[in-house]
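In the order they appear, the protein sequences are chains A and B. In case it helps, our numbering puts the first sequence at residues 3 to 462. In case it helps, our numbering puts the second sequence at residues 251 to 750.
The set of hints was computed from the structure by calculation and includes no laboratory data. Computed from a prediction, not measured in an experiment: that's the story for all the values here. Each residue gets a CB set at the ideal place from its N, CA and C atoms; glycine is no exception. Be aware that one or more of the hints could be misleading.
Derived contacts from chain B toward chain A, CB cut-off under 7 angstroms, selection only [to be verified]: (1) P308; (2) L322; (3) A463.
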Amino acid sequence: MRYLPKSPADRKAMLQAMGARSIDDLFGPIPAEYRLDRDLKVPRQMAESEIVDWFRERSRENGDSYATFLGAGAYYHYRPVIIDSLISRGEFLTAYTPYQAEISQGTLQAIFEFQTMICELTGMEVANASMYDGSTAAAEAAMMAVRITGRRSAVIARSLHPEYREVLATYAHHQNLPLSTCPFDDSGRLNLQELEKAITSDTACILIQSPNFFGTIEDASAIAEIAHNKGAMLVVSIAEAVSLGIVEPPRQADVIAMEAQSFGVPLGFGGPYCGVIATRERFVRQMPGRLAGQTTDRRGKRGFVLTLATREQHIRREKATSNICTNQALVALMVNIFMTIYGRVGLKELAKQNLAKTAYAAGQFGKHVKLLFSGAPHFNEFVVQSSEDPYAINSRILGHKIVGGLPLKKFYPELGNAALWCCTELTTRSAIDTAVGMVAESERSMKASKEEIDVQEVTR
Amino acid sequence: MKHMTRKATRHVNQNEGLIFEKSSAGKAAWKLPPLDVPEVDASALLGSSERKDLGNMPEVSEIEIIRHFTRLSTWNYAIDLGMYPLGSCTMKYNPRVNELVVRLEGLANGHPYQPEPISQGALRIMRTLSDCLLEITGMDAITLQPAAGAHGELTGLLMVRAYHQSKGAPRKKILIPDSAHGTNPATAAMVGYGVENLKSNAQGMVDVSALTAQMNEDVAALMLTNPNTLGVFEQEIHKIAEIMHAKGGLLYMDGANMNALVGKVRPGDFGVDVMHLNLHKTFSTPHGGGGPGSGPVAVKQTLEPFLPTPVLLTQSDATLAFDYDRPQSVGRVRAFYGNFGMFVRALAYILANGPDGLRQTTEDAVLNANYIRQGLQGAYDLPYSTPSMHEVVFSDKRQAKKGVKTMDIAKRLIDYGFHPYTTAFPLIVPGALMIEPTESESKEEMDLFIEAMKSIAEEVEEDPQIVLDAPHHTRVSRLDETAAARQPVLRWKPSTEPAP
Chain A
3 MRYLPKSPAD
13 RKAMLQAMGA
23 RSIDDLFGPI
33 PAEYRLDRDL
43 KVPRQMAESE
53 IVDWFRERSR
63 ENGDSYATFL
73 GAGAYYHYRP
83 VIIDSLISRG
93 EFLTAYTPYQ
103 AEISQGTLQA
113 IFEFQTMICE
123 LTGMEVANAS
133 MYDGSTAAAE
143 AAMMAVRITG
153 RRSAVIARSL
163 HPEYREVLAT
173 YAHHQNLPLS
183 TCPFDDSGRL
193 NLQELEKAIT
203 SDTACILIQS
213 PNFFGTIEDA
223 SAIAEIAHNK
233 GAMLVVSIAE
243 AVSLGIVEPP
253 RQADVIAMEA
263 QSFGVPLGFG
273 GPYCGVIATR
283 ERFVRQMPGR
293 LAGQTTDRRG
303 KRGFVLTLAT
313 REQHIRREKA
323 TSNICTNQAL
333 VALMVNIFMT
343 IYGRVGLKEL
353 AKQNLAKTAY
363 AAGQFGKHVK
373 LLFSGAPHFN
383 EFVVQSSEDP
393 YAINSRILGH
403 KIVGGLPLKK
413 FYPELGNAAL
423 WCCTELTTRS
433 AIDTAVGMVA
443 ESERSMKASK
453 EEIDVQEVTR
Chain B
251 MKHMTRKATR
261 HVNQNEGLIF
271 EKSSAGKAAW
281 KLPPLDVPEV
291 DASALLGSSE
301 RKDLGNMPEV
311 SEIEIIRHFT
321 RLSTWNYAID
331 LGMYPLGSCT
341 MKYNPRVNEL
351 VVRLEGLANG
361 HPYQPEPISQ
371 GALRIMRTLS
381 DCLLEITGMD
391 AITLQPAAGA
401 HGELTGLLMV
411 RAYHQSKGAP
421 RKKILIPDSA
431 HGTNPATAAM
441 VGYGVENLKS
451 NAQGMVDVSA
461 LTAQMNEDVA
471 ALMLTNPNTL
481 GVFEQEIHKI
491 AEIMHAKGGL
501 LYMDGANMNA
511 LVGKVRPGDF
521 GVDVMHLNLH
531 KTFSTPHGGG
541 GPGSGPVAVK
551 QTLEPFLPTP
561 VLLTQSDATL
571 AFDYDRPQSV
581 GRVRAFYGNF
591 GMFVRALAYI
601 LANGPDGLRQ
611 TTEDAVLNAN
621 YIRQGLQGAY
631 DLPYSTPSMH
641 EVVFSDKRQA
651 KKGVKTMDIA
661 KRLIDYGFHP
671 YTTAFPLIVP
681 GALMIEPTES
691 ESKEEMDLFI
701 EAMKSIAEEV
711 EEDPQIVLDA
721 PHHTRVSRLD
731 ETAAARQPVL
741 RWKPSTEPAP
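Make the full structure from the sequences, and use the hints.
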């Protein structure tokens, strides 16, 4: 086996050194009745070339070279080449969690820079080193609000990513944390009258997403005011990080739970991604996840360590803020390098291109079909409501090697034939025009067949 | 250094400030293509939601970014540089072909919501990996959704709870041996269970009579790591399972130490009902400085209805699809389907090994740990003489008499060119030195390690101060962790003085 660095002679010499006759002696502690005396039924050992071929085949079966209008929490942005050049360095890729600070300063300083940039972008005072993803970050942020306020329920926006809501429901279920859902209004924004009614003296937090699942930017300051007036915290989930280049962050929030996948992380069929929690300094001791902090060594030199570990499971065990241990460090490093590449000016320009593509696409769609929620500003997603079932339209668009917008029926049956379309800087005008053309054609033929039915009914 | 080491030599590395200290207006590492659609007025579109300023985000060029992160990288220890004897962390070689295949276009750019007919490649990878993991563990059903080991524990215990609930009551507590990793009790608390400690016997194994006494209808499950964190296989595992099952309880296995078992024995065969695996330990996906991981959970048939949604299924036409209609499911634990990139890597590792390679890997891992045990038992105290599997735990009992603790020895190991072993647990061994070499180390590398450890033991006798002050040859000496926690500085600010 090519990964194993021992010759048969090495093995023999080692066994001799410990006075064992055969390797079986070392497995003596396992009761004989349970020992496996056959080969595992897994595929035979493959050569590297065969492995590459096998996965190339799978890659070809997986929408290789399709253009996409899918977003919904996973966004297709350009990834600068140097991200992979740098994260492929073995000293980052194959390093462990930086508990031994003296030989982990590279990882620790990178985390410190990551935390700083997340603070700059979100307007928060502290940020952790990462969480698993945006959904678990949102759930953990809600739990954090429960610990801080001592209150025992939460209000969740219906415009929060449906799968994030499912994850939160799973986490909350056994914490005796009742959740209520607040609807959206005709503009796609949170319904503030309903929100007022939903908050009680036992509400620990309101959890919203902005831009929300429909791409609509919420009025975070109005929501924060309502929450704070009733002693509840505002937790904001941000799933499209590129929006932070041009959309004002929810600075009035108490906790921001992010998904940073848009910053240089491949779509990768849903993971690994990069969750982050950012908050106010005064809440830091209730924040889950690892944190890097600055300190000095015995000679007074600047250095970095993992700090405030008394929040964590390896110190506090069942009294910890969370059970999280392994996080998404290498993915956070991708995000870090992406933020460094685009920086203060590039992130804004990048976000503006997203905005321009979306404005063009929404404008073109709007000529032929109804757009929902057009009464409030959007970032790079918008909702199209067709006459025909969007699954049927999409299956025709797929013939052009284009994946159409996400049909919303599954998550929002009340929205009928609505679909969530997404554009990024990588969406081409020609793909937009093709998709719009096909949706327009669908509208025309639906209208024609409807007229035909009407005519038939009149003549009957 | 008193004793010379053959492993490492000091060499120059570069200093490097924070990226913010290199920033200046007008530098850029990005270039966007011209727009193929009309420009827009952001203020008109966004109104008061428009952001005007990105604060102190850096402005630097590409070569500076390359140098910045390359310099930082050289300050890290890594498996690619040498042995990483961290007990219960299984720091093994991370094959590079795994990194290549995960970047293939269709896998890297696959959107989680793309239609299933054009997702068959990804689903086939998930199905094949699932089948391999089920065969390796001897279990019946699996979810790949959890993002890490602790997340797998959470998922597993949620299923335990749902199982008991379906029988009438969720029960009240989880039994956890005193040798367990800290995530076990933290997870139990997150699922709303009380934690009851189970003490180990003189051999470092579960005390079966204590278990019998503590087991009752309030106990939902026993969370057992096997081999446990002493590297000891629970020889009475069949009795343990029987005791649990007789009172309607479940046996949960933390698969952190699965590297000792693959191809040799299957948890499903010795009575485990639910377990998680760590793809970033046993199945070679890179630790990446702390993550990402992946923590699949495998269960027996009785727990299958409670798996998180969605569950992968094979349709009548042999294509694969996700099944969302799972009325008894514990729900979702993560958006989408899990850390898919880790599935690709873990499967590539399994394919590279095959059944013979997987078995040889386990044998070599156990051989290496026992070779180290043999080499060091004269120099360090071995608190439990029970046979070791893939890791061995010594204590600092002898060195402590000279005022030298396990952490000091660990720090001195750095000067010898090695990453320290695990010092934080198991809690049942005061001053533990928990060593897991994995199969990835050659005899030469382990001889160097044994030589370094023996040399440190001699230094403790002759000149303990040199060990107490270690490390001596790193960029920074021991860092003031107390100050870091007392007055936390968790981000850079423009007012911060440049570093000394």
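Here is how each hint holds up against the structure:
With a least beta-carbon distance of about 5 angstroms to chain A, the hint placing P308 of chain B at the interface is held under the 7 angstroms criterion. For the restraint placing L322 of chain B at the interface with chain A, the shortest Cβ-Cβ distance is roughly 4 angstroms, inside the 7 angstroms limit, so the hint holds. At its closest, the beta carbon of A463 of chain B sits 22 angstroms from a beta carbon of chain A; the interface hint therefore is violated under the 7 angstroms criterion.
In terms of the numbered hints stated before, the structure departs from hint 3 and from no other.
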